[in-house]
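Q: The primary structure of each chain is shown beneath.
Number of protein chains: 2
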Amino acid sequence: MRLSQYFLPVLKEEPKEAQIVSHRFMLRAGMIHQEAAGIYSWLPLGLRVLQNIENIVDDELQKAGCVPVLMPTLQPTDLWKESGRYDALGKEMLRFNDRAERELLYSPTCEEMIVNLFSAYVKSYKQLPLNLYQIQWKFRDEVRPRFGVMRGREFLMKDAYSFHVDVDDAKREYAKMYDAYTAIFKRMGLTTIAVAADSGAIGGNLSHEFQVIADTGESAVYYDAAFDEIRAGKLTLSGDEMRALYAAADEQHKPDAIPADRLRTARGIEVGHVFYLGQKYTQAMGVAVSGGDGAQVTPHMGCYGIGVSRLAGAIIEASHDENGIIWPESVAPFDAGIINLRMGDAACDTVCEQIYSHLKTAGLSPLYDDTDKRGGEKFATMDLIGLPWQITVGPRSAADGKVELKYRRTGEKSEISVEDAVAHITGQRTKRLAA
Amino acid sequence: MRLSQYFLPVLKEEPKEAQIVSHRFMLRAGMIHQEAAGIYSWLPLGLRVLQNIENIVDDELQKAGCVPVLMPTLQPTDLWKESGRYDALGKEMLRFNDRAERELLYSPTCEEMIVNLFSAYVKSYKQLPLNLYQIQWKFRDEVRPRFGVMRGREFLMKDAYSFHVDVDDAKREYAKMYDAYTAIFKRMGLTTIAVAADSGAIGGNLSHEFQVIADTGESAVYYDAAFDEIRAGKLTLSGDEMRALYAAADEQHKPDAIPADRLRTARGIEVGHVFYLGQKYTQAMGVAVSGGDGAQVTPHMGCYGIGVSRLAGAIIEASHDENGIIWPESVAPFDAGIINLRMGDAACDTVCEQIYSHLKTAGLSPLYDDTDKRGGEKFATMDLIGLPWQITVGPRSAADGKVELKYRRTGEKSEISVEDAVAHITGQRTKRLAA
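Residue numbers (my numbering), protein chains in the order written: chain Y, -8 to 426; chain U, -8 to 426.
It cannot be assumed that every hint is accurate.
Identical copies carry no separate label here, and so any pair may be met within one copy or between two of them.
Claimed, not checked - Straight line, CA to CA, 25 Å or less: simulated BS3-like cross-link-like pairs of lysine-lysine:
hint, residue 1, residue 2
1, Lys351, Lys54
2, Lys271, Lys369
3, Lys72, Lys54
4, Lys393, Lys271
5, Lys271, Lys117
6, Lys7, Lys114
7, Lys72, Lys245
8, Lys364, Lys117
9, Lys114, Lys369
10, Lys364, Lys114
11, Lys3, Lys369
12, Lys117, Lys369
13, Lys393, Lys245
14, Lys117, Lys167
15, Lys3, Lys114
FYI, nobody ran anything at the bench for these hints, they're computed from the structure. No experiment lies behind these values; they were computed from the predicted model shown.
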């Protein structure tokens, strides 16, 4: 993408409304624009990140055997009266009448709708297990929306719902989804700890919250030191072994649960949640399938959420410095930025075009700053938007076929040939994707 | 995808509520499920088609230089009071209060929101032209939602909005978008005719409607015989030449506009619309940028819509037979179906697995019917869901390494080797994608 033909409205001023670093950088980097309290437009740069996050979630869930569907944002309220949650959700659930005075709601979550859909088609235990998921906009009318996309009202959520013939199969799926979540967050460059959690309003009796470890996290997380060893690559555990380790959120933490020398603590941001729901919804809504022996069976369910739009903020909270965002390669909006320090200089233009075309040919997405802005402003923008690599092309070095390559995460710079710069970026990326 | 692990709830009964063929087949093929009047869930097969359509639209628009954004589904009503459309849209626009009693609406279209977004960031003529688009869910509270996704209330729309320094540049963009639309619909296997249209409630004074030609179309279209020659490949015209040809919808048609022997008529389904809006919205909302000479300029706008979810239905209206859907290769949910006539037979299983794995290796998406259903049912399902190719593997021929290859569009069948079948499908697809 050529910046002159793109729409990247970076802000020079600090946005006053932003209380946390991710909100501040998302506004400054031209990723989002607020339309109403807790309701945002995603500008081009932000949308690319959001779609990269979506693609990782999609890919890992399909690998895990989940099947994608897409439910509407609006639904009739009738089903919520069947499940008993019509009153439970209160004002957080946005309800309104259509022109025919039928009551609709903007989905805050979809247990009722998916159970209804399931019961329309699935009649036999032979069709189980089944795990259906969607990535769709939800609305929760928070009293005090804040922190940008971290606690918005309209937000993008991945919600999956699984159906099983018995509790054992539901628990098998639960473990599989736990492992898929670990893989998803790892692929986004995040360290997460899954803490045993309270199941709250959704119901059920087994659940874990996935917390991204970040200094700016909203809640305290207590965990076994083994998690740090795993993170440092000194220890490898299976999903079962990981689930057996101690990890708890603030309100669940029991000080004497593990020896003090094994206890670690950090700040966390919740980005995912897995629940075993039991028969709560299928029972309330009277759903059954024929069992192997001819008797009717009420399916057991699990549900599994990921805050897709929230992740864009959480990744920034976990990965930034004072100059801006530092995107992990897997979610970066572009793989590399090319800075032309003197547009119109023949050597600079030629070298930039070469790099731009080589990176595209290699299947990468470069962002080429071909504007007539000053060098200082171009550097500041590139640091702010946090692409993994920066290639700076100035008139003196360009004449010698040299460029400056900078790795955003470490700030490390080197003056190398055009060919080496391209080879380095494409090679590093291949290595990282394979890891 | 293995059918035994998929969710494809085909219906054997004719759905009583469906009045048109696309609605009937979408319900029978397990593509959609109605949640409320005009509000649908997209089941796995339907979602794949919807995403294929989205990808084509995305790809062609980005080639045309449009930049993707994503606006929220809900927006505050204030801006609509500025533009003067708050009252104009009436009950079709779904409005409601949030918990703080602020009035919100579910976007039926986004001129106001994009103009507001534009004015927040774009201050100079140097940032023009700019064409921002999104593919996002919209809601229009139709009095009588009907025909499935063809006239739903919650629907997926691609809406693009362009900004220009003057009318000439807006008209240049208009022509470019007209050409992009022609390319988009052609890539979906559709024949469209763009008719001069009334600009209606959106305003402005130059507009074309893109109509898919289908016998079941809702309105009459009158056009120059040259369009038929273009379709038959006997004539090639530039966009400018095409726009100069006569084409009009029913209410705009003037019987003496072209010689009777040049006049043709057909039924059409509207799937896209391009408008030149002039300064209607920028003026009403007081938006200006600095011009080249320092004076303030009120930008000219264009807006360009495509009914993405409606297209899924329109394609079926244009391409089906009595047994089911006939998907064009570019939007087909899977490239080929593999029918195992005797699961558990060693030769059948081996041959099916071979084909399945070869097609996947070639980058195609096969759907493998590995269920224990009877042959007749498997054939009926494959015809109904309309994948371009069917490969049938029966015990006798499988033992000889032979399979039956069927091309869904023509019904043409041949008994050939496994290798030839795979080569044929991958080769044909390569040829078609290149065309």
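Q: Against which earlier hints does the structure fall short, listed by number upward?
A: 2, 3, 4, 7, 13
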